[in-house]
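There are 2 protein chains.
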Amino acid sequence: MIRSFDPRTGEAFGPEFAATSEHEIEEIIAGAHRAFPLWSGTSPAKRAISLRAIADALDANAETLVEVADRETGLGKARLTGEVGRTTFQLRTFAQALESGDFVKPVLDAAVDAPLPVGHPRFLRTVIGIGPVVVFGASNFPFAFSVMGGDTASALAAGCPVVIKAHSAHPQTSQKVFDIALEALLNSGAPAGIIGLGHGHDFGKVVIADPRISAGAFTGSKSGGRALFDMAQSRTNPIPFYGELGSINPVIATTSGMTDPAAFATAYLDSLLLGNGQFCTNPSLLFVPNNKEFLDAMAVNLSAREAQPFLSKATKDLHDRNRDLLVSLTSGRVQNAKPAPETGLYTSAQVHIFAAQEISSIEAIHREYFGPTGIVITYESLGEAIAILDQLEGALAASIFSGESEPQLKEIIISLSRIAGRVCWNAWPTGVAVTTGQHHGGPYPATTSPLHTSVGVFAINRFLRPITLQGFSDELVSSLNVEGGSK
Amino acid sequence: MIRSFDPRTGEAFGPEFAATSEHEIEEIIAGAHRAFPLWSGTSPAKRAISLRAIADALDANAETLVEVADRETGLGKARLTGEVGRTTFQLRTFAQALESGDFVKPVLDAAVDAPLPVGHPRFLRTVIGIGPVVVFGASNFPFAFSVMGGDTASALAAGCPVVIKAHSAHPQTSQKVFDIALEALLNSGAPAGIIGLGHGHDFGKVVIADPRISAGAFTGSKSGGRALFDMAQSRTNPIPFYGELGSINPVIATTSGMTDPAAFATAYLDSLLLGNGQFCTNPSLLFVPNNKEFLDAMAVNLSAREAQPFLSKATKDLHDRNRDLLVSLTSGRVQNAKPAPETGLYTSAQVHIFAAQEISSIEAIHREYFGPTGIVITYESLGEAIAILDQLEGALAASIFSGESEPQLKEIIISLSRIAGRVCWNAWPTGVAVTTGQHHGGPYPATTSPLHTSVGVFAINRFLRPITLQGFSDELVSSLNVEGGSK
Numbered sequence: 001m002i003r004s005f006d007p008r009t010g011e012a013f014g015p016e017f018a019a020t021s022e023h024e025i026e027e028i029i030a031g032a033h034r035a036f037p038l039w040s041g042t043s044p045a046k047r048a049i050s051l052r053a054i055a056d057a058l059d060a061n062a063e064t065l066v067e068v069a070d071r072e073t074g075l076g077k078a079r080l081t082g083e084v085g086r087t088t089f090q091l092r093t094f095a096q097a098l099e100s101g102d103f104v105k106p107v108l109d110a111a112v113d114a115p116l117p118v119g120h121p122r123f124l125r126t127v128i129g130i131g132p133v134v135v136f137g138a139s140n141f142p143f144a145f146s147v148m149g150g151d152t153a154s155a156l157a158a159g160c161p162v163v164i165k166a167h168s169a170h171p172q173t174s175q176k177v178f179d180i181a182l183e184a185l186l187n188s189g190a191p192a193g194i195i196g197l198g199h200g201h202d203f204g205k206v207v208i209a210d211p212r213i214s215a216g217a218f219t220g221s222k223s224g225g226r227a228l229f230d231m232a233q234s235r236t237n238p239i240p241f242y243g244e245l246g247s248i249n250p251v252i253a254t255t256s257g258m259t260d261p262a263a264f265a266t267a268y269l270d271s272l273l274l275g276n277g278q279f280c281t282n283p284s285l286l287f288v289p290n291n292k293e294f295l296d297a298m299a300v301n302l303s304a305r306e307a308q309p310f311l312s313k314a315t316k317d318l319h320d321r322n323r324d325l326l327v328s329l330t331s332g333r334v335q336n337a338k339p340a341p342e343t344g345l346y347t348s349a350q351v352h353i354f355a356a357q358e359i360s361s362i363e364a365i366h367r368e369y370f371g372p373t374g375i376v377i378t379y380e381s382l383g384e385a386i387a388i389l390d391q392l393e394g395a396l397a398a399s400i401f402s403g404e405s406e407p408q409l410k411e412i413i414i415s416l417s418r419i420a421g422r423v424c425w426n427a428w429p430t431g432v433a434v435t436t437g438q439h440h441g442g443p444y445p446a447t448t449s450p451l452h453t454s455v456g457v458f459a460i461n462r463f464l465r466p467i468t469l470q471g472f473s474d475e476l477v478s479s480l481n482v483e484g485g486s487k
Numbered sequence: 001m002i003r004s005f006d007p008r009t010g011e012a013f014g015p016e017f018a019a020t021s022e023h024e025i026e027e028i029i030a031g032a033h034r035a036f037p038l039w040s041g042t043s044p045a046k047r048a049i050s051l052r053a054i055a056d057a058l059d060a061n062a063e064t065l066v067e068v069a070d071r072e073t074g075l076g077k078a079r080l081t082g083e084v085g086r087t088t089f090q091l092r093t094f095a096q097a098l099e100s101g102d103f104v105k106p107v108l109d110a111a112v113d114a115p116l117p118v119g120h121p122r123f124l125r126t127v128i129g130i131g132p133v134v135v136f137g138a139s140n141f142p143f144a145f146s147v148m149g150g151d152t153a154s155a156l157a158a159g160c161p162v163v164i165k166a167h168s169a170h171p172q173t174s175q176k177v178f179d180i181a182l183e184a185l186l187n188s189g190a191p192a193g194i195i196g197l198g199h200g201h202d203f204g205k206v207v208i209a210d211p212r213i214s215a216g217a218f219t220g221s222k223s224g225g226r227a228l229f230d231m232a233q234s235r236t237n238p239i240p241f242y243g244e245l246g247s248i249n250p251v252i253a254t255t256s257g258m259t260d261p262a263a264f265a266t267a268y269l270d271s272l273l274l275g276n277g278q279f280c281t282n283p284s285l286l287f288v289p290n291n292k293e294f295l296d297a298m299a300v301n302l303s304a305r306e307a308q309p310f311l312s313k314a315t316k317d318l319h320d321r322n323r324d325l326l327v328s329l330t331s332g333r334v335q336n337a338k339p340a341p342e343t344g345l346y347t348s349a350q351v352h353i354f355a356a357q358e359i360s361s362i363e364a365i366h367r368e369y370f371g372p373t374g375i376v377i378t379y380e381s382l383g384e385a386i387a388i389l390d391q392l393e394g395a396l397a398a399s400i401f402s403g404e405s406e407p408q409l410k411e412i413i414i415s416l417s418r419i420a421g422r423v424c425w426n427a428w429p430t431g432v433a434v435t436t437g438q439h440h441g442g443p444y445p446a447t448t449s450p451l452h453t454s455v456g457v458f459a460i461n462r463f464l465r466p467i468t469l470q471g472f473s474d475e476l477v478s479s480l481n482v483e484g485g486s487k
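Taken in sequence, the protein lines are chains A and B.
As numbered in the numbering used here, residues 1 to 487 make up the first sequence, in order.
As numbered in the numbering used here, residues 1 to 487 make up the second sequence, in order.
Incorrect hints may have been included.
Pairs of lysine to aspartate or glutamate, DMTMM-like flavour, derived with a Cα cap of 20 Å [said to hold, decoys possible]:
no.	chain 1	residue 1	chain 2	residue 2
1	A	313	A	16
2	A	410	B	230
3	B	410	A	475
What follows is a set of in silico ranges between Cβ atoms, one per label pair, in the way DEER data are often shown [to be verified]:
no.	chain 1	residue 1	chain 2	residue 2	range
4	B	113	A	77	23 to 33 Å
5	B	306	A	26	28 to 38 Å
6	A	390	B	235	54 to 64 Å
7	A	187	B	358	19 to 29 Å
8	B	202	A	105	55 to 65 Å
9	A	21	B	113	45 to 55 Å
10	A	114	B	306	27 to 37 Å
11	B	76	A	362	28 to 38 Å
12	B	336	A	21	47 to 57 Å
13	B	313	A	21	50 to 60 Å
14	A	426	B	411	49 to 59 Å
In short, the hints are calculated from the structure, not lab data.
On a predicted model such as this, the values are computed, not experimentally measured, just so you know.
C-beta atoms are modelled at their ideal positions from N, C-alpha and C, and glycine is treated no differently.
Produce the entire structure from the sequences given, and follow the hints as far as they go.
In structure tokens form, the structure reads like this:
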């Protein structure tokens, strides 16, 4: 049985959800399989209508949704109201992409009458939906990366039915969003089976292994994501698996980038502790010049900050265990926030401070804490910091705070570019805009698929497979449901 | 020791190649690792100069290269001369793409001053090389899919150094091509370590597992490719692995597409037996109306065809073993070519004929023979053929021969589109033009990465990772070596 817990009290509430049965799983997958040719054969313009219908229905129910999500996640109504807005904006962004055709630029390659290797017949290179997709909802974004989040929206936009695994930390929110979306989809003409929802740990394992599923998308922990990735790759027919896993998002400030050390300390803690640090773009690792004013200001600012609740007991326990390991390394150079309440899922924030020179192995600092824990590394020279940067694993984002005339600027940017999917100039990595220019991806373990983004218009490309039609006339192409043909 | 064999005599000849030692492997990988920032930081225009230098050097040595390749592969000088031309055309096509910038369309997404979720900072979304790449040469294309084939050319174009595993069936050709290319690269200013070549079975296994390698590309058998794919995915940090494995490329003819049955039989055998059937786009499975004229003409035409040599003893043995299994199923309905010579690596061509109705399990026909063996399925109604098509695995290509007014045309095309990366209209699948409109890919087992092509300009995308620069000024961007910035 899956049950909601209130992070502010740690107590269970609301209905129990039974794990989806074997028979129900089969029905969901079979439904998606049957829906695929119908949905994939639906014109982009009609798919856009369905996406807008979901967005409208979610907006109309925003208040109720936020209420239940707030009780399940403890993220607060302001943040959650914004997240519903982001989710429906995302659905409409994909609708717009479908209408404008921006998401795919079919290549019409006219026949060339010449000897080989130059000559060739007429080619139309376009895209088709990859097939039914399984999406795993995330704990930290109950709307934007869950049932009707970016993964589902982009897969539906691509013409793929979606089987969704509800996250166990917010089953009520998941079920409500699903019910609203399904009704909107069916009323707008989408085929039966277009989306399916399942609960329970086994659901995901069964679905990802099913030969009728053609791709997977996941946002969550490195261990959970890697396990699913391994299942997807070890199938008889391996499938693309777009996992957005853990990320340490390094931030480096030069002296010229930290002209007001106290303001910089405040801004850092604001980004670090946003959503209780439970963001994949959290600035886990900050490199700063060894500056007393910054460290003192940070200590004062942090000491006044209240604890926020964790999303779930599992998340809190993992964070606390990992931090215990860290504490033994940095005793004496730890700054603390206000003590946490005794009841509920609270842990007080901490910042651990290291000197760059004392870091002999990056292992201790090279861990995602996914919670209110920051690591600050003070350096005497930029070279010390760059040497550590060059040892880091893949990251979703990285930031540099600096003036433009810093001598080692180019070196730092190249170093950050080599590990990160997004490099921010004088801005914190948290906050991921949904737009064409976005890239929310990066080398492993940031993602399992470094060529793709899970945010922004290009996210749709993950679920579209290129196909070339050779020697097809315009008449023949327009009789098919492919982009570049009839719309 | 690796040794060349003459397929026409089955006898060893020429120098022995020692398996690359552990120490040499380390030097090659370390060289590629050191070369990456230098090559990736080389402007596209300069990388284009290097690609053209390789093409010029190969063209200048074409005669010598063809001579040794012919003796190692038995493919014939005409075909091999054409293949060198295709290889150098390919190198120049990528050079041209680098010069025109066609391969990457950087997205400049201007800042939007509005509340969330609409507002956002300025984004430049561009691409950077993924890192050092390992390429596994193919047996059946000693030039176009080997040392300086499409995989290497596209990886070099993307700014990635390449570590190459020579195919054991043509070590001399591999070494000669490598030596010529390396000299051309270094003379044109490419950094030391830009390419490395290794021999021997262990070489590939060690390289694919090395953490300094960021992607792999392979063309070859399903078993070999899958083993390497599994190694790449089970690394601590999994990497993209672009395997082009086996493919049954179904061809279906309607009555209106086979108006001259005898000419159709000749064209079929020409495509089936091209290169002794050792093509990944070989039309392994042909669906035709049950037509006596076609079957009779095919028997006569086939009986006059001479045997051609296999590329290697391993390829011949695997083909012959698989065909023995098939023979027991179709006794009595087998057509034969001329008997094969006793010496050398020859096997006589065969076509095995089934009626669609008698196919209870697709397993027997669902195998890639990679040699001079065709399966022809005769149908009484198109529905019988479509029912079998719908059970087939992913394919690189598929063909339909038909008139445009065939009632079930759309149904057939949709069925073929769902399994194939390229659908040909009234044309055989063999012959893969190197051009922008090409897609040489498809669902597993055609490839391990159905979103990508290994032929054509878009092949470069496999080795480019998107990256977003957030809030960077034009001045700052132009100081970096990224597309959309300085060239």
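Structure-based check of all given hints:
no. : hint                      : result
1   : A:313 - A:16              : holds, 18 Å
2   : A:410 - B:230             : violated, 37 Å
3   : B:410 - A:475             : holds, 12 Å
4   : B:113 - A:77: 23 to 33 Å  : holds, 26 Å
5   : B:306 - A:26: 28 to 38 Å  : violated, 54 Å
6   : A:390 - B:235: 54 to 64 Å : violated, 20 Å
7   : A:187 - B:358: 19 to 29 Å : violated, 47 Å
8   : B:202 - A:105: 55 to 65 Å : violated, 43 Å
9   : A:21 - B:113: 45 to 55 Å  : holds, 51 Å
10  : A:114 - B:306: 27 to 37 Å : holds, 31 Å
11  : B:76 - A:362: 28 to 38 Å  : violated, 56 Å
12  : B:336 - A:21: 47 to 57 Å  : holds, 55 Å
13  : B:313 - A:21: 50 to 60 Å  : holds, 54 Å
14  : A:426 - B:411: 49 to 59 Å : holds, 57 Å
The earlier numbered hints that this structure contradicts are 2, 5, 6, 7, 8 and 11.
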